[in-house]
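Participant: Build out the structure end to end from the sequences listed, making use of the hints.
Just so you know, the sequences run in chain order H and W.
Under our numbering, the final residue of the first sequence carries the number 153; numbering is consecutive throughout.
Under our numbering, the final residue of the second sequence carries the number 381; numbering is consecutive throughout.
Listed next, the stretches of chain W that the computed footprint assigns to chain H, with coverage defined by at least 3 CB atoms under 8 Å from CB atoms of chain H:
| hint | segment |
| --- | --- |
| 1 | 129-136 |
| 2 | 193-199 |
| 3 | 234-247 |
One-sided and incomplete, this derived list gives chain W residues near chain H with beta-carbon spacing under 10 Å:
| hint | residue |
| --- | --- |
| 4 | Gln119 |
| 5 | Thr120 |
| 6 | Gly123 |
| 7 | Leu124 |
| 8 | Ser139 |
| 9 | Phe140 |
| 10 | Leu146 |
| 11 | Val147 |
No lab work stands behind these hints, which were simulated from the structure alone.
A virtual CB, placed ideally from N, CA and C, is assigned to each residue, including glycine.
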Amino acid sequence: MTTIQKIWRLRYKFFNLLATKCSECGFVSYPPKAACPKCGSRNIKEIKLPKKGKIISFTVIRVPIEGFKGSDPCILGIIDLGGARILAQLTDTEPEELKIGMKVEATIRKTAPTLDGVVPYVIKFKPSGRRAGIFTSIRQILGSKHVRSANKH
Amino acid sequence: MRNVYVVGVGLTKVGKLYDISLRDLATEALFKSIDDAGGEMPEAIVVGNMLSSLVEQENLAALIADHAGLRGITGFKVEAACGSGGAAFLAGYSLIASGLFKKVVVLGIEKLSERPTPQTARGLAWAADADYELVYGISFSGLNALVMRYYMSKYNVSREEMASWAVLMHENAATNPYAHMRNKITVEDVIKSPLIADPIRLYDSCPLSDGAAAVMLTSRDVARKVTDTPILVAGIANSVDSPDLSSRFELDSMLAARLSAEKAFKMANISPNDIDVAEVHDAYSITGIISIEEIGFAPKGKGAKLISEGSFRPGDKPTINPSGGLKARGHPVGATGIYQIAEIAMQLRGDFPGVKVEGEYGLAQNIGGVGSNITTIILRS
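Facilitator: Okay, here's the thing in C-alpha cells:
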C-alpha cells in the first residue's frame, strides 16, 4: 500500500538491485545510502548486486499488516548476494521447502496494490532454476484469490 | 553540566484500555508524577509517543498540558519509534542539565487499542525502511523473526531455551499491579502458542498495549527540597543504527545497544557488573536476549542459555525485568521507556509494588525499531 510515485521513483534502483559501495573501505550497502554506513565517506559508487544468492534467514508472516491481507503466504527472506544482503519476498515456493543456505535468484513479480489502486511490480526471489509453472502463471495473471476459488470448484 | 534527579513517578495500568482516551490516560500519569514529587508543578513537558496518528491526534504536548491545567508551559513531542520514551527522557534530561529549566515532566503515552491489529501492525512497521522493506509487507514480528531464526541457527539455541525468557517475564509480572499480563505460563505454552511470523509465536511477542507513564525531573536544589529519596541520572546515551535489517554489520547483534550502553557506563563511571537491576526492551524474546548480551550481562550467543539455566532471576545481580518486561508488563510503545525508568527509580527507592530488588545502580534500555534507535539510562540511589 505504498504510492505509485514511490514505486516510479525507485524503479531503476529496484529492478537493478542497486547498492552503494564505499570507495574508501569497500563496504557494500543495500538499501543504497548517501554515504558509507561503516566509515562515513561520501566517496561511494552505485553497483548492481548479483541476481543470485542464498537464503540466510526466512519467515512466513501469519498476521499480515494492513494492505497485505489475502495475498499469498507472505514469505520473506534475507538473502546473501555475495558481499551484501537484501531483504525481499520469496516466491514460487512453499514454506515447507525453505532452508537456510537454499539457492535463490531474482525475478519480477507483482506486489500489493498501492494506495492509488495500481498494482506495482517488484523484485522477488525464487528457488534457483525454478521455471514458473502453469499454476504460478495463472496466479500472476488472475491474482491468487481467483485461483483459490477456481481450485475449489 | 548540572546533575539531574528523578523525584516523582506516575504510572497507569497497562492494557487494552478501551474506555480511557489518550488525554485522560496521559493526565492520570502526569498528575500522579506531580503528586509523587510533592506537588511541584513542571515548567516544561516532553512527550514520548510514536503512533498518536493512529488516533488522529498530533500536537500532544499542547493537548496534554492544556487538558491538565498547564496552559502556558513549554512542551513538545519526541519520536523515536518504540524508543520514543527513552529519547524523550534524554531531551528532558538535557533541559535540566543545561540549566534552562529546573522542573520538567517527561511523559510517555500510547493508545494502540483504537484500531484493528493489522492497522496497528502496519503503523509499527513504519519504523522499518518504508521504501525497501514495507513494500514487501514486512511486519515487526517478521523482522524480529528473521533475526531470531538467524540467531538460533548460528548459536545452536533450542526452541525451549528461547521460550524460557517469556516464562520468566510472566513469573515476574504476576505481582506487578501495573502489568498487562499477570498469568503464569510454561515453556510448553510458549512453544504451542499460535505462530505470528515463524519462528516467533504469540508468547515470544509482547502484547500491543495502551498506557501512560510520567517522571518528574529536577535540578539538585529542587530535588533536595521535595524528596528524601532523589534518584540521580548517573548515565545516559542514545545511539542509532540502520532502520533496515539488510545493511546491518551483523544480523545477530545490535550496534546501538552496545554503543549506548558503553557510553552510559562511561558517563556513570561504572561497569555492567555494578548493575543491580535492569529493565531491558524485550519486544520479542530475541530482542531481550540480544540486549543482555550487548549491554554486557551475558556473553555473545549465551543469553538464552543463561536464562533457561536460571540466571537473572529476582535476587540475582543483575535482576532482569522484575516488572515482567515488555512481554508481560506490556508494551505501550512510546510510554515503555518511561515505564522502565520509573520502575528502576522505584526499585532504587525501595517502593516498587511488585518483585523488589535492592541495590544502588539500575539500568533501563529502550529500543526503537529492530534495534535502530536505543537509549540506555543508568540511575543511582
